[in-house]
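Participant: Here is how the chains run, residue by residue.
Number of protein chains: 2
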Amino acid sequence: MFKRLKSIFIGRPLPNEALAGEKYSVFWGLPILASDAVSSVAYAGQEMLLVLIPAIGVLAFGQLTLLSGVIIGLLVLLTISYRQTIDSYPSGGGSFIVAKDNLGVISGITAGAALSVDYILTVAVSVSSGVEQMATAFQFLKPYTVVISVVLVILLMIGNLRGIRESSRIFSIPTYAFIFCILAMIITGFVRIANGYVPTVPEITSAAEPLTLLLMLRAFSNGCTALTGIEAVSNAVPNFRDPAQKRAKTVLTLLAIIVLVLFGGTAVLAQFYHVVPVNNAMLVLIAGQIFGNTFMYYAVTVTTFVILVMAANTAYSGFPVLLSVMAKEGYAPRQLSMRGDRLSFGNGILLLSSIAIVLIIAFSAKVSALIGLYAIGVFTSFTLSQTGMLIKWIRHKGKRWLPKAIVNGLGAVVTAIVVVIIAITKFNEGAYIVVIIVPILIFLMLRVKRHYAAVQKQLRMTSEEISAVDLEKAVYRNRVIVPIENINKASIRALRYAKTISDNITAFTVATDEESAARIREKYALLDTDIPLIVKYSTYRKVVEPLLKFIESTEFDYRKGDMITVMLPQFVVRKWWQRLLHNNTRYFIERQLLKHKHIVVAVMPLQLKDDKTVLKNDQKAPK
Amino acid sequence: MFKRLKSIFIGRPLPNEALAGEKYSVFWGLPILASDAVSSVAYAGQEMLLVLIPAIGVLAFGQLTLLSGVIIGLLVLLTISYRQTIDSYPSGGGSFIVAKDNLGVISGITAGAALSVDYILTVAVSVSSGVEQMATAFQFLKPYTVVISVVLVILLMIGNLRGIRESSRIFSIPTYAFIFCILAMIITGFVRIANGYVPTVPEITSAAEPLTLLLMLRAFSNGCTALTGIEAVSNAVPNFRDPAQKRAKTVLTLLAIIVLVLFGGTAVLAQFYHVVPVNNAMLVLIAGQIFGNTFMYYAVTVTTFVILVMAANTAYSGFPVLLSVMAKEGYAPRQLSMRGDRLSFGNGILLLSSIAIVLIIAFSAKVSALIGLYAIGVFTSFTLSQTGMLIKWIRHKGKRWLPKAIVNGLGAVVTAIVVVIIAITKFNEGAYIVVIIVPILIFLMLRVKRHYAAVQKQLRMTSEEISAVDLEKAVYRNRVIVPIENINKASIRALRYAKTISDNITAFTVATDEESAARIREKYALLDTDIPLIVKYSTYRKVVEPLLKFIESTEFDYRKGDMITVMLPQFVVRKWWQRLLHNNTRYFIERQLLKHKHIVVAVMPLQLKDDKTVLKNDQKAPK
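In order, the protein sequence lines correspond to chains A and B. Numbered per this note's numbering, the first sequence finishes at 623, counting up by one with no gaps. Numbered per this note's numbering, the second sequence finishes at 623, counting up by one with no gaps.
Just chain A, with the same shape it has in the complex (with noise of 0.2 Å):
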């Protein structure tokens, strides 16, 4: 039954094969990673008018303007510096990569951290936003918004469990369809402006506050959110088809400009048209003062949310390919390394969305509430990997080396003023979760490393010690114990198979009564054998002590060098919810059975035939 769910909603499994046609194009790959640093056009700007206006009134739009003119900057900056992170990491340039190998596992692991930290927020600002987008639009919607949310993040999660290329096909037409729609609003905008179109200027409350630089660098660091794509591009290089550092380049840099032209637009719009968001999304604000109630209205709120959806859809692309290479160095659970049967990482996916889910419901989907948490992680993480690459052009020197030196340089100086920035003044509205939580993920990091490389430590063997193995050479004696509730034909055929693996087997049984036990052993002496049976009482309605307290007595003589092997049954059932009918203490049994080194546990399965049959046909009982 599971089975059959899963095929439906996941997709039947594809072969290994198939991982080379999974890849991007320039045409889809750019919708699907651009869309994470385009879409923060509808979170953004708004943001930072949510910081200033109720502070500074409507002055709030001239400084916005500015401020996105700071952010464009960082964006160019940043596009410049990782261009050059494609050309030196073909095989994908992670923060946690290029870290690692300049700057050492400490600092890698911190990036991969931040970083794993900021993809959980992109999926649940992304998913919040896109929802209030939409709230905005359709104010019906308003008091359903978490439940919308979380819906949005299960099918996202269904959807990337689907494998990836169908994944970006679905999401990639709307993409365009949102830049289209901004670009057409942004000059709709502009030409009636220029026709002399006046807006209606709302009413605006605030504390008249003096503009404190404080001021603007709050604003600043929920502006920031702006940049948080970028990364995902060059950590996705091996995802493009041949030659994939070209063809990132050239996402990366249509992106730049993409950002550029609509964030920039729309902070320009937004002074212009003098919106407040409070409560409602700017950018559906500004197409319906631009737009009025017509389709373009629609359009605009419709592509926005899209876009939002698939910036979270991003974060899928980038989260589980993150974790899979630090799984795969051993710093975190080796699961979240394999391909499922769709060739996605299903488990990194599972993860993503069920932390997101608790944020977004944690946060009751507010966007204001999860941009504090958000951007402090990915500029770590920018920072870490900009120093890196400095690190790496000091190093290797090459061809042209020192302004591709100054370049990142300037970008780690940048971005780590920017880390400060948003760590200051957004402590209090949540940076401080992320403040705890990294540290507390690198040091599992490197427990799990330990674990890992301490388990390789204990199974190597180097050639010689191979070489010198004697498998001819008895090492271990078998004896088996085969523990029976009662004569019938599992038992028996338990004792058959004991029969053909060993010449020293026991029979051994728990009784709660000497009425039973005497039961037991009369019918056991029916079977005329020589392998013995041993009885003994539990007071507890245990079988698992009494057992391992008779290995470890004298009457079983166990000797160094023997190799004690359980016999468990195991029903194997026709329907699965028969399942639910015998005891897992299967299990039980032989987790404890199996702390002990020189305990084998062999699971005998018994099959059963169909109910109905066997009650219908006795003469068809099975041997």
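Each hint should be verified, as a subset may be incorrect.
For chains that are exact copies, the list does not tell them apart, and a pair is met inside one copy or across any two.
Cross-link-like lysine-lysine pairs, in silico, DSBU-like; alpha carbons within 35 Å at most [to be verified]:
hint: 1; residue 1: 549; residue 2: 457
hint: 2; residue 1: 612; residue 2: 560
hint: 3; residue 1: 612; residue 2: 595
hint: 4; residue 1: 473; residue 2: 523
hint: 5; residue 1: 397; residue 2: 449
hint: 6; residue 1: 23; residue 2: 397
hint: 7; residue 1: 536; residue 2: 523
hint: 8; residue 1: 399; residue 2: 328
Derived from the structure by calculation, the hints contain no laboratory data.
Fit chain B to the supplied structure of chain A, relying on the hints for placement.
Facilitator: For chain B alone, coordinates are given in the frame of chain A:
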């Protein structure tokens, strides 16, 4: 870690011997078993008023007293009937047993299913009503009633997982306090009326409808919820100390007297004081009028709350015992018949709690909404149980059987009429849910029984069959397959073990490409063994399919009678979190393999040492 948590919340395990000590005396048994019936004073009358007042206004109070009289008559009849049941069934005369013994299996499980549903509703209704009492006195609690109710159910669950005696002791004293408080309220109320007190009559708006029979019957149906606790005593006979039957009968009689006084008394009080319990609890409103804002007002509120929680606790004694009785007869999953570490039926307790929580959330902890589902189940089981007793007297006769038969017969007829009344008058208000669910439960129970019968039949052997078994005759030929990932200490250990149990061994590995295949072949050659290594390529990244394909291929040359042992390694970690770092594909592989009748899975444990120790101490790597 889980173990430690468990011992904090649940307590340390108790041995079998402790079972006898966990039993009830009259003094401790009365509060725990009586509380269900007694506590209904808190809602049965109130819910009758809530049906009558909107229709007929002040006239409702007179009808309330009348209907309460009828219900008290029913109570007396049922008490006498159930004393007879206790006499006849010393080991617990639950409706399931009585109906099954005398009317057959279908009647028995119908009674069982109906009663299970009612136990669950006892928890949901009692807890919701308890919280309603508190929220009437402390109005600021009103918005949190659902959350508080759910938390209470969870606390009850934990308390009951700790075992019977402790829970009865914890919960006993307040029941007596409740009885004292309500008695004090009744007496004070009457004294004040006798002294000429004239209560403030609230303004009652009603539709001024005629008093129809249907209206009276709907109110009566709600009032019948007062009788839902009676069953618990006869079910719990084996929980009493010897002489158990005598003690149980005493408890039942005391219970009836208490209900009579409290239920009758409060009904009369309601008439004198004219309370209108819309959205508020009747008892607390009456107490407010009689005691004003004094200590006694809060004492009534709190003890009423506590006894309602206790009533929910009654279901925790009844439901798991009922299910364990049904499970022992094969009508419910066997796990429900097993006592846990603390001698309580853990699985039953968990099941009861989860469904009750779902109901509380679904019906927003509203007593008036839940009451529609209530009582129909218990009256169904009353009817079946009484009919069973009637048939028993007629069949087996015995001393003075005729008057006994008449009592039980009368009980059967009257309760059957009540079932019909509730089903008709409450159908739209939730009774239809019960009418649908009970037949589904009956169907499932029959399926479960059929499955166990089929399993039993497939395993059973007669003494002749057992005697005919010749264990010396070799039936199986044992062959071993050792899947290996790499040549390391784990695979060497598995191969060594395989050597001790068979001389027909195959090593098996899955490679993703030629290169890795060559690498493992080269290493394997160093072993210089005659055990063949089979290398297969997997297009999917799975082990199980190639392995099964290999076993079925001519290359493996499977012959009839071959028993194939497949070795699987299992890391045994030191810390619980390390388990998350290892693939749990072993369980998946195992389940796939065990579907094949002739495959035994041998699980070899690999005990890992402490990470720190291993990495510190190079010499001590394990062998």
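Participant: Hint by hint, note whether the structure agrees.
Facilitator: Evaluated hints:
1. 549 to 457: So residue 549 and residue 457 pass the 35 Å test inside a copy (33 Å) and across (33 Å) alike.
2. 612 to 560: Between copies only: 28 Å across, 50 Å inside.
3. 612 to 595: Classified as between; 20 Å across copies, 40 Å inside a copy.
4. 473 to 523: Between copies, since 20 Å is at most 35 Å while 40 Å is not.
5. 397 to 449: within (32 Å within a copy, 78 Å between copies)
6. 23 to 397: For residue 23 and residue 397, the Cα distance is within 35 Å only inside one copy (32 Å; across copies 84 Å).
7. 536 to 523: For residue 536 and residue 523, only the intra-copy Cα distance (16 Å) is at most 35 Å; the inter-copy one is 47 Å.
8. 399 to 328: within (32 Å within a copy, 82 Å between copies)
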